[in-house]
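Trainee: Let the hints inform the model, and build the full structure from the sequences given.
Numbering-wise (our numbering), the sequence shown opens with residue 283 and increments by one.
Heads up, a few of these hints could be off.
[Said to hold, decoys possible] Calculated lysine-lysine pairs in the DSSO-like style (CA-CA distance at most 30 angstroms, straight line): (1) Lys-412 to Lys-423; (2) Lys-338 to Lys-284; (3) Lys-288 to Lys-411; (4) Lys-423 to Lys-288; (5) Lys-412 to Lys-338; (6) Lys-411 to Lys-338; (7) Lys-411 to Lys-284; (8) Lys-284 to Lys-452.
Rather than coming from a laboratory, the hints here were simulated on the basis of the structure.
In this text the structure is predicted, and so the values were computed from the model without any measurement.
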Amino acid sequence: MKVTEKLMQEHRVIERVLFALERAATRLSRGEDVYLRFFIGTSVLINGFANSYHDKKEEAVLLPLLLASGYPRDTGLVAVMLAEHEESQRLANRLRQATERLQMGDIRAREQVVLAALGYVSLIRRHIKKEDEALFPVIEKIVTPEQQEQMRMAFERFEHEENGVEVEEKYYGLADRLVLECVR
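Mentor: Pasting the structure below:
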């Protein structure tokens, strides 16, 4: 499997969670009961899978290839990708912090949870579209078969955590549980 195909497969997992997060935030905004552990679990998935695993693979493997091919770091495709990764982290942190405040009884944090969640959903949907439709086709055009193999091997190194649990096994299962919890 090509690395871009692998990243797009991960995008589909993230999109499933985005759908559930949007649904939960909408329910919360209407005053309906939503298990707050859903938002905590979503924060865990966002920080562990989307930001610390998926985005880091892009930054460590794809970014150097683009830079070596002459793409500037401070403008265009690379700059947009990095800026959106940073914004994603900021929104994910806001979501986690607001959820923790809401759990502690700060009812005003409800609106902040909703805003952070919907902001994250909107950003990441746009980001995924850019990567799938702009970034990955560029990568496919410039990568050689040798580079493809080097990237594949680099991705494999990311797939194992220190404790031996495969990242995908851990986070794909969490994504499934979050989606199921949201449809209750």
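Trainee: Each hint: holds or not?
Mentor: Comparing the hints with the structure gives:
In summary, the hint linking Lys-412 to Lys-423 is supported, as the alpha carbons are separated by about 16 angstroms, within the 30 angstroms threshold. Simply put, Lys-338 and Lys-284 have alpha-carbon atoms about 17 angstroms apart, close enough for the 30 angstroms limit, and the pair holds. Restraint check for Lys-288 and Lys-411: satisfied, since their Cα atoms lie roughly 15 angstroms apart, inside the 30 angstroms limit. Only pairs whose Cα atoms come within 30 angstroms are accepted, and Lys-423 paired with Lys-288 is accepted, the gap being roughly 17 angstroms.
Between the alpha carbons of Lys-412 and Lys-338 the distance comes to roughly 17 angstroms, so the proposed pair stays at or under 30 angstroms and holds. This hinted pair checks out: Lys-411 and Lys-338 have alpha carbons roughly 18 angstroms apart, not beyond 30 angstroms. Straight-line distance between C-alpha atoms of Lys-411 and Lys-284 comes to about 18 angstroms, which keeps the hinted pair within the 30 angstroms bound. Pair hint Lys-284 plus Lys-452 holds up; C-alpha atoms about 22 angstroms apart against a cutoff of 30 angstroms.
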